[in-house]
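Using the hints provided, position chain B relative to the given structure of chain A.
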Amino acid sequence: MALPDGMSACLMCVEIMTGTAWVDVSDNMTVVEPPEQTRMTGEAYVFGEDTAVTVVGKREPVEVTVRGVWANGTADPFYSVYAEFTAPCGDMVAVRYSPLGCATSNDAFATSTTKSEVISLTFPGGDSGSADVIMYQFVVRTPTLTHAAWA
Amino acid sequence: MPGKVKPKTETDADAKPGLKSNQQPIYRVLSPVILTTDRREYAPGSVVDLSHLTPEARKYFVDRGYFETASGEPENDITLEAIPCKNC
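Sequence lines, in order, name chains A and B.
Each residue of the first sequence is one higher than the one before, starting from 1 at the first, in our numbering.
Each residue of the second sequence is one higher than the one before, starting from 1 at the first, in our numbering.
Hints listed in this document are in silico derivations from the structure and should not be mistaken for laboratory results.
In this text, all values refer to a predicted model and were calculated from it rather than measured experimentally.
Some hints could be false.
Far from chain B, by Cβ distances over 10 Å, these chain A residues were calculated [what the hints assert, rightly or not]: (1) G90; (2) V133; (3) P143.
Taking lysine to any residue and the SDA-like style, the derived pairs with C-alpha atoms no more than 20 Å apart in a straight line are [unchecked claim]: (4) A:K115 <-> B:R28; (5) B:K59 <-> A:S105; (6) A:K115 <-> B:R40; (7) A:K58 <-> A:L145; (8) B:K59 <-> A:A149; (9) A:K115 <-> B:A43; (10) B:K59 <-> B:R28; (11) A:K115 <-> A:T146; (12) A:K115 <-> B:R39; (13) A:K115 <-> B:P32; (14) B:K59 <-> A:L121; (15) B:K59 <-> A:A103; (16) B:K59 <-> A:N106; (17) A:K58 <-> A:K115.
Computed footprint of chain B on chain A; a stretch qualifies when at least three of its residues, placed anywhere within it, have a C-beta under 8 Å from a C-beta of chain B [said to hold, decoys possible]: (18) 14-26; (19) 100-109; (20) 144-151.
Every residue, glycine too, gets a C-beta built ideally from N, C-alpha and C.
Looking at chain A on its own, in the form it has when it is part of the complex:
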């Protein structure tokens, strides 16, 4: 059996939507943590068997963690995310990423564009004993990720 073609995130494209249009923020973002989605599970045991009766329920919401390089000035995507996070009751921030790039025939995974809110925002900070690049992080929570192809 032949080895599959492996690939890195070298060409990944990341977009966010805070209004009505997707914006390519690949020049600012550094990490999209691999999101995990689970199904609810249940089990019961009976005296007559050594193993459980198992069942599954509906899929649970997904959390997508994104990290970016912070830059001073309100043009940085951090401030777009910050505005939605601090809006009364929170506002929508959708995330879409394409592991091979935003180009024809490539796959993309996206949060909902109607129900995707920032539930956590890590502000930029600093360490006087470090030369690390100042970063920020945000987490969005959405009912599910969907898959689409670029065409």
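Leaving out everything else, chain B in the frame of chain A:
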């Protein structure tokens, strides 16, 4: 996946009556796609104009079950060009 149908090879014989390969490339979406012209996602059932793609590219997607030929008013803006891909 909603709307998933068996892929088929696009030929004039597969086109709807009166629609030949040199007519406006109008297609119905069968599987979710994102157009490189407007970055919008189009759900199955949407009608789109794929004139920004080459005939070979359109055939690639039809063969894989993403589109089928259709008629009607496209939902996408046909004046937009495909956005250049960074790092491609």
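Right, here's what the structure says about each hint:
With a least CB separation of 23 Å from chain B, G90 (chain A) remains clear of the 10 Å interface cut-off, as annotated. Under the 10 Å C-beta cut-off, the non-interface status given to V133 (chain A) relative to chain B holds; the minimum distance is some 20 Å. The claim that P143 (chain A) lies off the interface holds: its Cβ sits roughly 15 Å from the closest Cβ of chain B, which is beyond the 10 Å cut-off. With a C-alpha separation of about 26 Å, the suggested pair K115 (chain A) and R28 (chain B) falls outside the 20 Å cut-off, and the hint is violated.
Only pairs whose Cα atoms come within 20 Å are accepted, and K59 (chain B) paired with S105 (chain A) is accepted, the gap being roughly 12 Å. Using a Cα cut-off of 20 Å, the hinted pair K115 (chain A) and R40 (chain B) holds, with the two alpha carbons roughly 17 Å apart. Restraint check for K58 (chain A) and L145 (chain A): satisfied, since their Cα atoms lie roughly 14 Å apart, inside the 20 Å limit. Between the alpha carbons of K59 (chain B) and A149 (chain A) the distance comes to roughly 15 Å, so the proposed pair stays at or under 20 Å and holds.
Proximity of K115 (chain A) to A43 (chain B) is assessed by CA-CA distance (about 17 Å); at most 20 Å being required, the pair is judged to hold. Taking the CA atoms of K59 (chain B) and R28 (chain B), the gap is near 13 Å; set against the 20 Å cutoff, the hint holds. In summary, the hint linking K115 (chain A) to T146 (chain A) is supported, as the alpha carbons are separated by about 12 Å, within the 20 Å threshold. A threshold of 20 Å between alpha carbons decides the hint, and for K115 (chain A) with R39 (chain B) the separation of about 19 Å falls inside it, so the pair holds.
Straight-line distance between C-alpha atoms of K115 (chain A) and P32 (chain B) comes to about 18 Å, which keeps the hinted pair within the 20 Å bound. Note on K59 (chain B) and L121 (chain A): the hinted pairing is violated, with a Cα-Cα distance of about 44 Å set against a maximum of 20 Å. At most 20 Å may separate the alpha-carbon atoms for a hinted pair to count; K59 (chain B) and A103 (chain A) meet this at roughly 17 Å. Distance restraint check for K59 (chain B) and N106 (chain A): the Cα-Cα separation of roughly 16 Å lies within the 20 Å cut-off, and the hinted pair is therefore satisfied.
For the hint pairing K58 (chain A) with K115 (chain A), the CA-to-CA distance comes to about 17 Å; that is within 20 Å, so the pair holds. Restraint check on the region 14-26 of chain A versus chain B: 5 residues with Cβ-Cβ distances below 8 Å, three needed, restraint holds. Here the region 100-109 of chain A counts 6 residues with a CB under 8 Å from a CB of chain B, which clears the bar of 3, and the coverage holds. With 6 residues having a beta carbon nearer than 8 Å to a beta carbon of chain B, the region 144-151 of chain A meets the requirement of three or more and the stated coverage holds.
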